[in-house]
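Those protein sequence lines, which keep their order, are chains A and B.
Those letters in the first sequence? Residues 1 to 113, by the working numbering.
Those letters in the second sequence? Residues 114 to 224, by the working numbering.
No wet-lab data here; the hints were simulated from the structure.
Among the hints, a few may not be true.
Label pairs and their in silico Cβ distance ranges [said to hold, decoys possible]:
#1 A:G16 / B:N143: 40 to 48 Å
#2 B:L193 / A:T56: 49 to 57 Å
#3 A:G52 / B:M123: 38 to 46 Å
#4 A:V3 / B:F176: 28 to 36 Å
Glycine included, every Cβ here is placed at the ideal spot set by N, Cα and C.
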Amino acid sequence: SAVISQKPSRDICQRGTSLTIQCQVDSQVTMMFWYRQQPGQSLTLIATANQGSEATYESGFVIDKFPISRPNLTFSTLTVSNMSPEDSSIYLCSGRVLNTEAFFGQGTRLTVV
Amino acid sequence: LAKTTQPISMDSYEGQEVNITCSHNNIATNDYITWYQQFPSQGPRFIIQGYKTKVTNEVASLFIPADRKSSTLSLPRVSLSDTAVYYCLVGDSNGGFKTIFGAGTRLFVKA
């Protein structure tokens, strides 16, 4: 399957600031997704990144807090805005081509202090 | 999307066969069953997918009874490196569906 690279792999940020996470796929994918995973917990879907249009957010997640871009079929960004310690988590990017399974990046470990 | 239920955790010893069962009573006609594996500090990795009966690959086997309301992931002769979280997902693989994760099963393999 395709390979996803996420940057940064980890970061420590001050509360009130914003962090943009980049997700690059080495081939075109139909769909891209962003997840959050708290330590010891399962993955929670934040949103579907739609190419050329606004992302589709899951319940409990809003665009003002987690703006997402997807300018083409291989790249997406997730911004965590106005961070608080509660935003400390692992953020994962996922890609999918129709009729195949999803694949994931290694994740970005975010700590907000 | 059909809800799935799995055991929270399982313990095993090296060399044993491990079977993890997933319940999905509300599975739809066009839903596939997919299993992912996640190691610490890594993203989930696809293991196997099936629709009915039995599917086998180099990593695992997936058994699905005729009513499809449950499935069993079978890992033959596990090793310490199989210690991970295993997720069972149910959905339509043809429509680019959202991959929604349940709680998963934490497998711990002991020496």
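Here's how the hints hold up against the structure:
| no. | hint | in the structure |
| --- | --- | --- |
| 1 | A:G16 / B:N143: 40 to 48 Å | 46 Å, holds |
| 2 | B:L193 / A:T56: 49 to 57 Å | 40 Å, violated |
| 3 | A:G52 / B:M123: 38 to 46 Å | 44 Å, holds |
| 4 | A:V3 / B:F176: 28 to 36 Å | 31 Å, holds |
In terms of the numbered hints stated before, the structure departs from hint 2 and from no other.
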